[in-house]
Amino acid sequence: MGIPVGINGFGRIGRISFRAMMARQGEFDILAINDLGDPKALAMLLKYDSVQGPYPGTVDVDGDSLVVDGKKVKVVAERDPRNLPWKSLGVDIALESTGFFTSEATEEKPGYDSHIAAGARKVVISAPS
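The opening position of the sequence shown corresponds to residue 1 in our numbering, with each subsequent residue numbered one higher.
Some clues are possibly wrong.
Taking lysine-lysine and the DSS-like style, the derived pairs with C-alpha atoms no more than 30 Å apart in a straight line are [unchecked claim]:
1) Lys47 x Lys87
2) Lys40 x Lys74
3) Lys122 x Lys74
4) Lys87 x Lys122
5) Lys47 x Lys71
6) Lys72 x Lys122
7) Lys109 x Lys71
8) Lys72 x Lys40
Label pairs and their in silico Cβ distance ranges [to be verified]:
9) Tyr48 x Glu108: 14 to 20 Å
10) Arg82 x Lys47: 30 to 36 Å
11) Lys87 x Gly57: 15 to 21 Å
12) Glu78 x Arg121: 14 to 20 Å
13) Val67 x Ile3: 36 to 42 Å
14) Gln25 x Asp49: 15 to 21 Å
15) Lys87 x Lys47: 29 to 35 Å
Keep in mind the hints are simulated off the structure, nothing from the lab. All residues carry an ideal CB built from backbone N, CA and C; glycine is no exception.
Start from the sequences, fold in the hints, and give me the full structure.
Set out below in structure tokens:
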């Protein structure tokens, strides 16, 4: 088992990160993806990437999960990262790739540290410098 990861945001960066982690077999264990898109649409975007090319393995959908190379990855659709199921899923590292949660949380707005509140131990932020 690799490092348990949850991905928040499955746009360009989330999908490229997913591909990179899947290519490093055994180093990462992607447990969940949080994205507001339909799992069927997410599967299609992963499978047929106009820049990266087609995904080299298998990509299927099983209910609310993607099944990639035989591995089931839960898909959730939560707008507020404080409510993500990272703790119950066993996520250690949250990859923040939405572009929305790049600063600390305030009383009015969630932030990158909201992933910690949801149960992740660490957060990796993907954002322009």
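Does the beta carbon distance between Gln25 and Asp49 stay inside 15 to 21 Å, or does it fall outside? holds, 20 Å
So if I understand the rule, the pair passes when the alpha-carbon distance is 30 Å or less; does Lys40 with Lys74 pass? holds, 12 Å
Distance restraint between Lys47 and Lys87, which requires alpha-carbon spacing of 30 Å or less: Holds. Lys47 to Lys87 sits at ~29 Å (cutoff 30 Å).
Go ahead and decide if the range 14 to 20 Å is satisfied by the Cβ distance of Tyr48 to Glu108. For Tyr48 and Glu108 the Cβ distance comes to about 39 Å; the hint is violated.
Restraint check for Lys122 with Lys74, where alpha carbons must lie at most 30 Å apart: holds, 20 Å
Between Lys87 and Lys122, does the CA-CA distance stay at or below 30 Å? holds, 12 Å
Please test the hint of 29 to 35 Å on the beta carbon pair from Lys87 and Lys47. holds, 30 Å
Take the C-beta atom of Lys87 and the C-beta atom of Gly57, compute their distance, and say whether it sits inside 15 to 21 Å. Violated: the Cβ-Cβ distance is about 29 Å, outside 15 to 21 Å.
Compare the distance between the alpha carbons of Lys72 and Lys122 with 30 Å, and conclude whether the hinted pair is satisfied. holds, 23 Å
C-beta pair Glu78, Arg121: status relative to the range 14 to 20 Å that was hinted: Holds, since Glu78 and Arg121 (Cβ atoms, about 19 Å apart) stay within the stated range.
Does Lys71 sit within 30 Å of Lys109, going by the straight-line distance between their CA atoms? violated, 34 Å
Given the hinted pair Lys72 and Lys40, is their Cα-Cα distance within 30 Å? holds, 14 Å
Of the numbered hints listed earlier, those contradicted by the structure are 7, 9, 11, 13.
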